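K.L.:
Chain A is already provided as a structure; the job is to place chain B on it using the hints.
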Amino acid sequence: MAAAQISSQTRRAVIRDALGIGIASGAYAISFGAISTAAGLSLLQTCALSVLMFTGASQFALVGVVGAGGSVWAGAATAALLGARNALYGLRLSSVLEQHGLKRALAAHFVIDETTAMAIARESPAESRFAFWATGVVLFTLWNLGTLAGALATHLVPDPKVLGLDAAPPAAFLALLAPRLRAREPIAIALAAGMVALICLPFVPAGVPLLIVALLVALFGVLRSPA
Amino acid sequence: MIWAGVLVACASCYALKLAGLSLPARLLQDARVQRTVPLVPIALLAALVATQTFATGQHLVLDVRAAALAVAVVAVLLRAPFLVVVATAAATAALLRLL
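Order-wise, the sequence lines are chains A and B. Under my numbering, the first residue of the first sequence is numbered 1, with each subsequent residue one higher. Under my numbering, the first residue of the second sequence is numbered 228, with each subsequent residue one higher.
Chain A with its partners taken away, still in its complex shape (with noise of 0.2 Å):
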């Protein structure tokens, strides 16, 4: 087993880096299922979301374009292109991981940013097998226990706009991009983003105006010469 080359003294930093962003991603989660019940959906549909679709930004996306009006196929667009990083993140993983038949479909589904950065941090790919393994799970636990607490308050409240629950998805997403705007470009995009999408928005339905934004950005990204 890959845990035998590992020190016991490697596997404790680890552990404790995973509970410590396994613990943020809690109180993230809180905020999604508050988010999700707040925007329709039901405590199933919201834990549904966190045990299967298991990817932050794509969850909060389908929940808010529900929330604000847009048909679920909109959100639904909307979750799987933020979701085709993922596969980048598995691209870098696939020759750290080496896992094939169903510990790979189990390992598929952690991947995301938080387990990859964990991985791709560690020295040795035993170590970065360890690390992945002990922040998914870590992760999975705390992101579903912290949706479930978070749906289950919001259900409490009748009227989630007393709250100002309403002006919490923009927030979300905010502090989701924010880390993704260390450069210019990223920050032109950015404005360029939301203002293309404020222009579509009076003419499409809602949501169809990310969907625009996501084709544009593709073409811009194909189109554009190398860097």
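Read the hints as simulated data drawn from the structure, not as lab findings. Bear in mind the structure is a predicted one, so any value in this text is a computation, not a measurement. Do not take every clue at face value.
Claimed, not checked - Covered by chain B, according to a simulated footprint, are these stretches of chain A (three or more residues, beta-carbon under 8 Å): (1) 151 to 163; (2) 172 to 184.
Said to hold, decoys possible - Simulated coverage check for chain B against chain A, where a stretch passes if three residues somewhere in it have a Cβ under 8 Å from a Cβ of chain A: (3) 235 to 247; (4) 253 to 266.
Stated by the list, open to error - Distance windows between CB atoms, simulated: (5) A:L219 x B:L254: 12 to 22 Å; (6) B:Q285 x A:L215: 14 to 24 Å; (7) A:I15 x B:L289: 42 to 52 Å.
For each residue, glycine too, the CB sits at the ideal point set by N, CA and C.
P.N.:
Same frame as chain A, but now just chain B:
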């Protein structure tokens, strides 16, 4: 209807994760794919911020959500944790409605 959308979205997101682990590396290592995919979340998240702050349905509106977003921007610049950013934005909207 919501259930169908939820389940299809979950299946799509899972398929993308599995594709990364399973597809031949050269398909995803294409320079254009590597360049383009990371841009998509930036554009989509920015579009979500804009549309969820300044619109109700298909109408552009300016209401307490804009003030809530401004507070969220300050919280992000101060490097506040995720839950604090979201909670201060919600509290701002709730308080302004009480006034």
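K.L.:
A separate judgement is required for each hint: does it hold in the structure or not?
P.N.:
Hint by hint, here is what the structure shows:
1. 151 to 163: Check passed, 3 qualifying residues.
2. 172 to 184: holds (count 9)
3. 235 to 247: holds (count 11)
4. 253 to 266: holds (count 11)
5. A:L219 x B:L254: 12 to 22 Å: holds (20 Å)
6. B:Q285 x A:L215: 14 to 24 Å: Since the Cβ atoms of Q285 (chain B) and L215 (chain A) sit about 19 Å apart, the hinted range of 14 to 24 Å holds.
7. A:I15 x B:L289: 42 to 52 Å: This hint holds: roughly 47 Å between Cβ atoms.
In terms of the numbered hints stated before, the structure departs from none.
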